[in-house]
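Enquirer: Based on the sequences and whatever the hints tell you, model everything.
This is what each chain is made of:
There are 4 protein chains.
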Amino acid sequence: MSNTFGTRFRLTTFGESHGKAIGGVIDGCPAGITIDESLIASEMHRRHIGDNATKRHEPDRVEILSGVYEGVSLGTPIAFVINNIDTQSKDYDTLSDCFRPGHADYTYEMRYGRRDPRGGGRASGRETATRVVAGAIAKMVLKTKGITFCTEVVENSNPPADDSCGGIIGCTINGVNAGVGDPVFDKLNARLAAAMMSIPSAIGFEMGAGFAASRMTGSEFRDCWNEDFTTQTNHCGGIQGGISNGMPIMFRVAFHPVTTVCQPTECIDHNGNLHTITPQGRHDRNHIPRTAVVVEAMAALTIVDFIV
Amino acid sequence: MSNTFGTRFRLTTFGESHGKAIGGVIDGCPAGITIDESLIASEMHRRHIGDNATKRHEPDRVEILSGVYEGVSLGTPIAFVINNIDTQSKDYDTLSDCFRPGHADYTYEMRYGRRDPRGGGRASGRETATRVVAGAIAKMVLKTKGITFCTEVVENSNPPADDSCGGIIGCTINGVNAGVGDPVFDKLNARLAAAMMSIPSAIGFEMGAGFAASRMTGSEFRDCWNEDFTTQTNHCGGIQGGISNGMPIMFRVAFHPVTTVCQPTECIDHNGNLHTITPQGRHDRNHIPRTAVVVEAMAALTIVDFIV
Amino acid sequence: MSNTFGTRFRLTTFGESHGKAIGGVIDGCPAGITIDESLIASEMHRRHIGDNATKRHEPDRVEILSGVYEGVSLGTPIAFVINNIDTQSKDYDTLSDCFRPGHADYTYEMRYGRRDPRGGGRASGRETATRVVAGAIAKMVLKTKGITFCTEVVENSNPPADDSCGGIIGCTINGVNAGVGDPVFDKLNARLAAAMMSIPSAIGFEMGAGFAASRMTGSEFRDCWNEDFTTQTNHCGGIQGGISNGMPIMFRVAFHPVTTVCQPTECIDHNGNLHTITPQGRHDRNHIPRTAVVVEAMAALTIVDFIV
Amino acid sequence: MSNTFGTRFRLTTFGESHGKAIGGVIDGCPAGITIDESLIASEMHRRHIGDNATKRHEPDRVEILSGVYEGVSLGTPIAFVINNIDTQSKDYDTLSDCFRPGHADYTYEMRYGRRDPRGGGRASGRETATRVVAGAIAKMVLKTKGITFCTEVVENSNPPADDSCGGIIGCTINGVNAGVGDPVFDKLNARLAAAMMSIPSAIGFEMGAGFAASRMTGSEFRDCWNEDFTTQTNHCGGIQGGISNGMPIMFRVAFHPVTTVCQPTECIDHNGNLHTITPQGRHDRNHIPRTAVVVEAMAALTIVDFIV
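Protein chains in written order, with the working numbering: chain R, 153 to 460; chain H, 153 to 460; chain G, 153 to 460; chain E, 153 to 460.
What the hints contain is simulated information worked out from the structure, not anything from laboratory work.
All C-beta atoms, glycine included, are put in the ideal place defined by N, C-alpha and C.
Just to be clear, a hint being listed does not mean it is correct.
[To be verified] Rough simulated footprint, nothing fancy, chain H against chain E, three-plus residues with beta-carbon under 8 Å: (1) 171-178; (2) 223-235; (3) 266-274.
[As the list claims (entries may be wrong)] Every beta carbon over 10 Å from chain R, so not counted as near; a handful from chain G, in silico: (4) Val306; (5) Asp380; (6) Asn423; (7) Pro441.
Expert: Below you can see the structure in the form of structure tokens.
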């Protein structure tokens, strides 16, 4: 019971990778926002490309079911669905009774007592498509307030033959006024961290100078004032005491490589017996480029939740 | 409005550093737990020591006001207070109309339009005392389920003369069964990240292999099975798909140095004029050793919220 | 931002009366529950019949999109949609720029600055269809615990020609063990009251002896013990101190008549000018019989939220 | 886990009747509100008087611990405590191992497995003192927006000798603009109903014409427009579709009599044996007059939560 993100601009998502559809409901989008479906489509396109290791031809047409009337939001819930029309469940038949290493197969089974074994089910990276849709709508709200997002791949490599690689994505949020954030537990940096770590394969998060700041002295680290209330450096990443200070908000997210590689792999069955299989299906060898738009979407959903 | 942590075992804290008292209310502590006040005191002692840079002689006697009858929890809210009896507000008089660099002075003023300038007010590290009390009670609940916590200072240094230093704290949680965590947004790692990043001066978080995992290949990173459902490595830090896998849960938190150092410092006033002051008062030159118990407390509060 | 009911078994609904679809997402349904789609259909049928004043031939086919695999719940979100296929929006064209008396036209416009004028939009009684679907699933969960629901029309009349009538519905919940409810603010009776008053046209709620209890003495009102912990009377309606006592839970809900009647009606436009119209479209003259299943659904959603 | 009321202006209360203290924490009170402690005291006085059947000389001095600096709210949590200094626990010794009829003794024991038997513990009407404090602060916020509250005892009687009586309290809220409320589940009337039914001994709630509306026709019930957007009648009680329409908000709450009367009473012990006792201690024979301020407080807490 945790498929809801946010408290004011609240996204609830649903759907298994190979079920009928995935989708979401946004509750709390202000009335009067022009909903640009072409922007949603272009964000979905950013998620679809990348290194094209994912062979699924996801058309991923997003259909809005409610909350928008004559192209403008009503203030009522905006529901959207994406039908799963290109599923190849037979590729996954061999996985239904064994757990892959490095995957959520085993943990979902321990959590729920059962799971949809097809394509990772709910644990599939496919659920991030719903984040991108909602993130696009969040951006439409935030654009009216001058807030924009920029991501870049900070570290990435070519995966070796038959293997996969991870990387680091940096994100900068511009235009957030000073005064956004809710201490002491819903600090803006705490909420951003939770948002980012909820993305599949995220394994590290840092604000501003990040881990390097742990090796700086206080006099090096502190960001000195300019007379216009900007600061000369931005080691803190734009947040102090959990509240934005008006500088760009900057953070980085580390992602581990996708753990399914098309090599012989030892799985374990319910009885604890190991079996060697060679995974079929569509698996990203380098998911970093296409994950950038997911990072942006979660950043937008985090910010909009403080601001609506 | 964010002074509540958790949804089932729910801590609400209050208090400014130099007000009458700080404290908290725990709602959702199960009935029937023996509340060991000496354990609370010993955890408070762990937070008090360290390098003793903090000259405040905080006796920090914790008084429980409700929810405990004849030494056992009732299931009703457990309220506790710590009176602020050793406050030296006059040390802070010079700060009431200027904003220090690297502090939350400016951001609180932007957020609320006013603040208590004495000793950092609500933004003071002093509020972590309430986290330690609640964390101690959370540990009493978790001990009945065999869950224990261990922290160590992974990186730290001696601060140079008249300056401060940061560091990295590692935490291991043992005894959490497989199956704990709520995908897709309240993943156990996402909740731990938020908990840790809410600690004053936290600036980075990583699970398991962390940022280093972004440079590994998939075949290196994935944790291979043993026949007893443990894994040969623990690169993921004990969590897959947002759910515990039964291995130790391991993470690290990076902290930046405290930004108040007893050196000439340029503050800015409401009109944008810079003033050089030399801070007085009590300031930690090395807060890392005493922060370990705060990390543990937040870890305990995170885990107990999934388990009660 | 209030289209979510419940905290553990959490229903989020969406949809305007004459939009593409209405529907909902249930988050928190336990895994392993057999989802009987024929029971959903029969509950929808109970909502459809009644006095047939509603001429809409709502087939209201419910399609489940996620969360169910091979007929059994997965523990992941259960999303469902009902397409709006029999909408006659032209009947409502005359209403787009005026506010009917006794309706939510004006209040929605004041709340959101705009609204979907077709058929009441989000304020239409049509949204209760989603409550019935979710209530049916809640009943499947509760049946496994021996909890059942029974409603009856306590007061109702034949509406006079060309007019509408209200009534009172009584509900009894059997099989709830003693000990359910969360004082002091989420008392079981408080949650039931909120659930019932959220139903369109609900205007009163009472537990057990209800308003009549305000005229009893303490010695008359108090429910005396039998030796098996049942009570000789049930004036309190099965709840004491906000917690169930093991007796049947009994309450009544009063509903006002539907305010659209096919008579000349004075509407008001944005400028405060009154206009006499004669409403067309489909309007219930007696909605009480078909509302009983909605009362039951909300009761089931309330109870299941305490019990899962 | 339910001792929190509200989502934006959020009150968390604690305390057993005969423990050290009762109190609360308000999170979300806006910064800049003048906190008038004499108004809190006068509201507490309204709760203290009445028929004086309660012989406890509750001075009930309210001490504010945080969130207020120089008489003005900071935006940080406002914590307050009321020490329990006039407790006569020995009066309740005979009750520790038996359950009174009509009380929460049995249900608390079933819910939590234990309870504080002194004076009703957490289930005592004493907890309403914390609601009155928070309600007074809510009123200070709402007064700045022109919103005021008025209650009257609508029905009440003199209790017969050695017995107790109930009654009905009416409440009118003036000054709420049109547009307040969050359909479809957090309708303003639904939230008011929950707030009122959470008050000890509340047993019925109705808006506007209430139960009588169930016997009216649609053409009688609907409130016809005046040209200034007020209505000629107020049968709906000022709320349509869950949203305020700008008319006075009007509702009534029915309360059952206090069930402890100083007459021989059959209690039941854990083994199901009945024992006749004659209750001692302080018990209200007519709690209606002093409950009016509690009704007002909960109304204020409900409204402020939508408006801050």
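Enquirer: Would you mind marking each hint as holding or not holding in the structure?
Expert: For each hint, the structure was consulted:
1. Remark: the region 171-178 of chain E is confirmed as covered by chain H, as 6 of its residues place a Cβ nearer than 8 Å to a Cβ of that chain, reaching the required three.
2. Three residues within the 8 Å Cβ limit are the bar, and the region 223-235 of chain E against chain H gives 8, so the coverage statement holds.
3. Check result for the region 266-274 of chain E against chain H: holds, 5 residues qualifying (beta carbon to beta carbon below 8 Å, three or more required).
4. Against chain R, the non-interface label of Val306(G) holds: every CB pair exceeds 10 Å, the least being about 33 Å.
5. Against chain R, the non-interface label of Asp380(G) holds: every CB pair exceeds 10 Å, the least being about 36 Å.
6. The claim that Asn423(G) lies off the interface holds: its Cβ sits roughly 21 Å from the closest Cβ of chain R, which is beyond the 10 Å cut-off.
7. For Pro441(G), the non-interface assignment is confirmed: its Cβ lies about 28 Å from the closest Cβ of chain R, beyond the 10 Å cut-off.
Every hint from the earlier list agrees with this structure, and none is contradicted.
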